[in-house]
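Q: Take the sequences, apply the hints, and build the full model.
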Amino acid sequence: MAKKCSNTSFLWLLMVLLIVCTGLCRVSNAFADTKEEVIVVSEIVGEVIDAEEREKFRLFEAYKGFKSAVFLRLPDSSYVAEVTYEEEGKEIKMRLSQSEKSIESLQNYIEHYEEQEEIIWEKYPESDVTIKGTLRIPEPGYKQILTTQDGSKLIGRIVEIEKDEIQFESKLGKLAIPIMEIREIKEVSVSLFKEGQYWFPNPNSTRLYFAPTGRCLKKGEGYFGDYYLFFTMIAVGVTNNITLSGGMSILPTGDFVENNIFYFTPKIGLIQRDNGALSVGAMMVKLPSFGDSAASSVGILYSVGTLGGQDRSITAGLGYGYVDWDFADKPMLMIGGESRVSRRVALVTENWMMPGVDQPLISYGIRFFGEALSVDFAFINTLGDGMFFPGIPYIDFVFKF
1 MAKKCSNTSF
11 LWLLMVLLIV
21 CTGLCRVSNA
31 FADTKEEVIV
41 VSEIVGEVID
51 AEEREKFRLF
61 EAYKGFKSAV
71 FLRLPDSSYV
81 AEVTYEEEGK
91 EIKMRLSQSE
101 KSIESLQNYI
111 EHYEEQEEII
121 WEKYPESDVT
131 IKGTLRIPEP
141 GYKQILTTQD
151 GSKLIGRIVE
161 IEKDEIQFES
171 KLGKLAIPIM
181 EIREIKEVSV
191 SLFKEGQYWF
201 PNPNSTRLYF
211 APTGRCLKKG
221 EGYFGDYYLF
231 FTMIAVGVTN
241 NITLSGGMSI
251 LPTGDFVENN
261 IFYFTPKIGL
271 IQRDNGALSV
281 GAMMVKLPSF
291 GDSAASSVGI
301 LYSVGTLGGQ
311 DRSITAGLGY
321 GYVDWDFADK
331 PMLMIGGESR
341 VSRRVALVTE
351 NWMMPGVDQP
361 LISYGIRFFG
371 EALSVDFAFI
381 NTLGDGMFFP
391 GIPYIDFVFK
401 F
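Taking my numbering, the leading residue of the sequence shown gets 1, the next gets one more, and so forth.
Straight-line Cα separation of at most 27 Å, DSS-like style, residue types lysine-lysine; simulated pairs:
#1 K56 x K67
#2 K56 x K163
#3 K174 x K186
#4 K163 x K143
#5 K174 x K101
#6 K143 x K194
#7 K56 x K90
#8 K194 x K171
#9 K143 x K93
#10 K153 x K174
#11 K218 x K143
#12 K186 x K143
#13 K35 x K101
#14 K186 x K171
#15 K56 x K219
#16 K143 x K174
#17 K143 x K171
#18 K67 x K219
#19 K194 x K153
#20 K101 x K67
#21 K153 x K163
#22 K218 x K153
#23 K219 x K186
#24 K56 x K218
#25 K153 x K171
#26 K93 x K67
Here are the simulated distance ranges between beta carbons:
#27 W325 x E371: 38 to 44 Å
#28 D255 x D324: 20 to 26 Å
#29 E195 x G141: 17 to 23 Å
#30 D274 x E371: 14 to 20 Å
#31 R95 x W325: 55 to 61 Å
#32 W325 x G141: 47 to 53 Å
#33 I271 x V341: 26 to 32 Å
For the record, the hints were derived by calculation from the structure and aren't laboratory data. Each residue gets a CB set at the ideal place from its N, CA and C atoms; glycine is no exception.
A: Printed below as a string of structure tokens:
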């Protein structure tokens, strides 16, 4: 009897152990099914793409304040890129959907990056062909504008990069384009496309008419401006937050240097964001020599802020003018704005209130522009009894490079 009980107890114990083991296996499998696996895109970058690698390979350029990125395989076998970046002092994690094909193409891009940089010169050593931009598969949320050597433009995205050609997907389908035939490749946000048309950025977003906005030129950007034909200016972005500009009048006189105006207008960006900017700067002007009693220099030290995007914004500024470095007791105020009404046209206004002047100086007009050239045609007037229609004509041309 005792032996039978012993055998029964053993069987019960064995059954309990089997149930427990089965449960543990199921829990383990369930846990495994919810676990996210880090994918190594390439041994060159390892599990984590850091800021230095991002800079080297020009990855995730849309994320300012970038800190790191990892690629993950999710429990449902899909893939994401998890980007960590900092914005306004807060750390943010953003997940971007990926496919096996996109990860494979990224691996190919990273591991053959230097070859792709030199490919044209290796294959065609006597060719003058160079590509402006970088051949790469764009990040989600971006399209590419590809310009061929004959000037044709295609809008779409690179989906594969091979040794001698790329696969470019557009409305025409997937096209095989020889690298030798590419002149320029430019990435733009999908937000710049409206009803299928590319709305290129305003090439003259750092100025209204005469007055600056709060925005600075990006590093390496520049423009040449001509105002009323006889007043010229050139500006260059030294960094993303420092713009140096200056110019001179080109009035035909007997003594060109003594009888013309020279000006220098540096600007420093304190805040530079897509939806707003704040800068400080100066305009220093050397006047012609008209006699011992005349002033030799005038200028203004100012701060200016812009609120809004490039298509629609308001700008306000405050500055203290001076004559021979003798500053005014009260500041002058400027308020203006710009509103884009079509792909190539914007309305612009710039208005000044100056100490000691009862009637504000106002202006209103139209800006016509393409990707690199803008032309302003406006009228200047006073707001008050002296106002007349339509006002004093104003015109300028600005070419961005």
